[in-house]
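*Asks:* Going by the working numbering, the sequence shown opens with residue 2, and the numbers climb by one from there.
Simulated from the structure, these hints should not be mistaken for lab results.
All C-beta atoms in this analysis are idealised placements derived from N, C-alpha and C, irrespective of residue type, glycine included.
Any given hint could be a false lead.
To be verified - Have a look at the derived ranges for each label pair, beta carbon to beta carbon:
id: 1; residue 1: T128; residue 2: L43; range: 34 to 44 Å
id: 2; residue 1: L157; residue 2: I16; range: 35 to 45 Å
id: 3; residue 1: R73; residue 2: P17; range: 25 to 35 Å
id: 4; residue 1: L46; residue 2: R127; range: 39 to 49 Å
id: 5; residue 1: S159; residue 2: R12; range: 12 to 22 Å
id: 6; residue 1: G76; residue 2: K126; range: 20 to 30 Å
id: 7; residue 1: W11; residue 2: R75; range: 38 to 48 Å
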Amino acid sequence: DDVARWQAAWRWVHIPGWSGLSGSPGLPGSLVLHSVAMSVGLPPLIASKLVSSTYAAMSLAGLFVFAWAVFRHRGFAVVCVAFWTPFWIDILSSGGTMTEMPVTGAFLAGAGALIAGLRLAPQPKRTARLVIAALTFAAATYIHLSAWIALTGILLFSLPVFLRELHGSWVT
2 DDVARWQAAW
12 RWVHIPGWSG
22 LSGSPGLPGS
32 LVLHSVAMSV
42 GLPPLIASKL
52 VSSTYAAMSL
62 AGLFVFAWAV
72 FRHRGFAVVC
82 VAFWTPFWID
92 ILSSGGTMTE
102 MPVTGAFLAG
112 AGALIAGLRL
122 APQPKRTARL
132 VIAALTFAAA
142 TYIHLSAWIA
152 LTGILLFSLP
162 VFLRELHGSW
172 VT
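With the hints as constraints, model all of the structure from the sequences given.
*Replies:* As structure tokens, then:
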């Protein structure tokens, strides 16, 4: 999967267009990120490592947002990320791109924004956080096809919360 994704991105750098997008495995988000990194003049393997590092950072940022929303404490969110960070060393030193990492980061950030938004009374900040949640969920589904399946579960699990909130019984 990683090799096919890398080859599709390299091919798309040389022959851009919709035909390159249709021949790639999964959705085009990962292909576009790799292609942009390859087209800025870096050697293709270094560009791929740059994207892999960015993917790991996206996942850690998503974990921070989620932990901050759940525990309502930035310091504890930093501790969560600090404990999780050592697990990414082997991923950063590997050759694979692991498109599941930014999907996980986007889901965590989206769930954190959703939780934070539902805790607020209706106001512009609440709307902004709910829009951020929707955009991060959309970004996850643009990067990897399996995200649609996971997003369905997340939204179905959140449905009772939405229904309670609509009836005004949501208490923080």
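*Asks:* For each hint given before, does the structure comply? Return the numbers of the non-compliant ones in rising order.
*Replies:* 3, 5
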